[in-house]
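Number of protein chains: 2
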Amino acid sequence: MDEFDWIQTYLAPLAGPEGLQLLDDAALYTPRGDQDLILTQDSLIEGIHFFKGEYGAGTANRLMTVNLSDLAAKGARPVGYLLSVAWPKHLKSADLQGWMQAFSKGLKTEQERFGFSLFGGDTVKTDGPMSISATFIGVVPSGTAVLRSGAQDGDDIWVTGTIGDAYLGLRLAQDTSSILKHNPTPEDLWVWEEAFRHPIPKLIFRKTLRRYATACADISDGLLSEAGHIAKASRKSLIVRLDDIPISSASMKWCVGKDNKAKRVELATAGDDYELLFTARPKNADHIQIGAAKLNLAVTRVGKVTEGQGVKCLGSDGKALILEKLGYSHN
Amino acid sequence: MDEFDWIQTYLAPLAGPEGLQLLDDAALYTPRGDQDLILTQDSLIEGIHFFKGEYGAGTANRLMTVNLSDLAAKGARPVGYLLSVAWPKHLKSADLQGWMQAFSKGLKTEQERFGFSLFGGDTVKTDGPMSISATFIGVVPSGTAVLRSGAQDGDDIWVTGTIGDAYLGLRLAQDTSSILKHNPTPEDLWVWEEAFRHPIPKLIFRKTLRRYATACADISDGLLSEAGHIAKASRKSLIVRLDDIPISSASMKWCVGKDNKAKRVELATAGDDYELLFTARPKNADHIQIGAAKLNLAVTRVGKVTEGQGVKCLGSDGKALILEKLGYSHN
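Just so you know, the protein sequences line up as chains A and B, in that order. With the working numbering as the guide, the letters of the first sequence map in order to residues 50 to 380. With the working numbering as the guide, the letters of the second sequence map in order to residues 50 to 380.
Read the hints as simulated data drawn from the structure, not as lab findings. There's no promise every hint is true.
Identical copies look the same in the list; a pair holds intra-copy or inter-copy alike.
Unchecked claim - Taking lysine-lysine pairs in the DSSO-like style, the calculated list, with each CA pair at most 27 Å apart, reads:
hint : residue 1 : residue 2
1    : Lys281    : Lys174
2    : Lys141    : Lys374
3    : Lys157    : Lys281
4    : Lys101    : Lys138
5    : Lys374    : Lys174
6    : Lys101    : Lys141
7    : Lys343    : Lys256
8    : Lys281    : Lys154
9    : Lys374    : Lys138
10   : Lys101    : Lys174
11   : Lys174    : Lys141
12   : Lys138    : Lys174
Using the sequences provided together with the hints, build the complete structure.
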């Protein structure tokens, strides 16, 4: 089975009409006159963004999630994507086929869950690790995209869900013993593992975001880091209250002890949450609460936007903490 | 200088308004109501698609060309692109900076030449070779895109430019002695090297293509291979006459000898030409000749579309040649 065969066997069934059966080298998309397009691209490298050899449905899910979460932050609905795969030369044909089968099944699951299709892409071989990349196309009604640059003085800062569970899920996968010494319950482990393995991009919140959010970013590299991105793009200062950052009861137990504050900071600067951080006028707080409640989505106010620049994180005493770094980066 | 710094230093100046100063994680593009979008994605891997360590303007040019050539084949005009870079971890910061400077200059040259801008993208580190990928967005007037699937029984098959010069340029770069034994003139070497190092995507031909071409593909992996793609997508047979495939006088000299036919086949199955192969109704032959002549572009008829499937390549005696393979693939 060569490259052409497996594209036709595994990927062509995932293509929408825009994908021209993957028999062309490009996709043809007819935009609606009343929508803007959101374009975003994110890549995953084996051994850095996913574990070595883990080529299956889980990695397909992660590739979709990192990209869909970017669309979610803009208030967009996904319509399609282009997929780029560089697979290691040394992979045997049978292994590659097994991988393609599992991977394409994972893609299909996400496509069906959120209603979008494959538009095209390309495949190449590499001497290096597996690398996969997707470019997503999303749509919003014209003029309604939520950008990072719209935060205003006096806005509330909000966050969806809870922060840090995915980080403890990653720790659990990398170094079980350091987590188990805190005696977590099976339910705690479940919370962390699910947050890490099956994060859900918050696409469902798009209508409320488009209506009330002045700025938004998805939390892929840490809450404080993303606050920094909004601060920079909006040319404002974001003040975050550490104690108000929502933490699950599982992770709260992990924070207990004399290094409680340091651990909360650790969660606020960790990656992979795929929750949304957004800003909104205080007068819209009730609308936001109601919009989220209808979707069974937790939202929490964690701070304020002010004139100035950068991010400040306040401790219980109201004083700004001195932080070494705001977020997570893959070294 | 960290990743964020060099994105802001070298890439942000290349961004159009759609790129939101590269301070957001996505691009915002407002489509016109009277255009269709063409989306295409192509990647280059160090050591496979470009020489090891050759990170500069030449590689930027190649990345742009492989993608722009796909747009050219659809009759599209480029408007923007997303760039994905995975750079080797082991690269020193100073080297990376030098590379970024040269690479971004190469991107700028192509942007200015064809009038498009950077929309966004992402950067990651890898344990493997440098990998770069671009997703291009092009536009055509609604309903005028030229696809691979439109070839009709009785159509002429046409090709732009000359075929195989880039292949001899690659051979020259890889194994000079095997080429020099044919005693090429300095001008011959120039033709081959230019064809390989600075191929020009045939975007300029888009209006004639949109008006008269029934199907089109760019010749990245060999003329006969691309004929095969049109044949498959159109569910027709493409008959190509080997002797009619246009060959430059430099490459013609290389073909001289008792293995003339084998060498012509070698050129017709080699990669990297970035010329266009297209089909059109015979009644439009004059229009095509005139359209090309106005642009100082050579076009040559090389065969016919018939009912059936696959590609046949006919020798001087009118008999179909038996070929091992139709095109070039990167192993």
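Here is how each hint holds up against the structure:
1. Lys281 <-> Lys174: For Lys281 and Lys174, the Cα distance is within 27 Å only across copies (24 Å; inside one copy 38 Å).
2. Lys141 <-> Lys374: Between copies, since 22 Å is at most 27 Å while 42 Å is not.
3. Lys157 <-> Lys281: between (37 Å within a copy, 25 Å between copies)
4. Lys101 <-> Lys138: both (15 Å within a copy, 16 Å between copies)
5. Lys374 <-> Lys174: Intra 36 Å, inter 19 Å, cutoff 27 Å: inter-copy only.
6. Lys101 <-> Lys141: both (16 Å within a copy, 25 Å between copies)
7. Lys343 <-> Lys256: within (12 Å within a copy, 52 Å between copies)
8. Lys281 <-> Lys154: between (39 Å within a copy, 26 Å between copies)
9. Lys374 <-> Lys138: Between copies only: 21 Å across, 38 Å inside.
10. Lys101 <-> Lys174: both (17 Å within a copy, 15 Å between copies)
11. Lys174 <-> Lys141: Both: 12 Å inside a copy, 25 Å across copies.
12. Lys138 <-> Lys174: Answer is both: 6 Å inside a copy and 19 Å across each meet the 27 Å cutoff.
In this structure, every one of the numbered hints holds.
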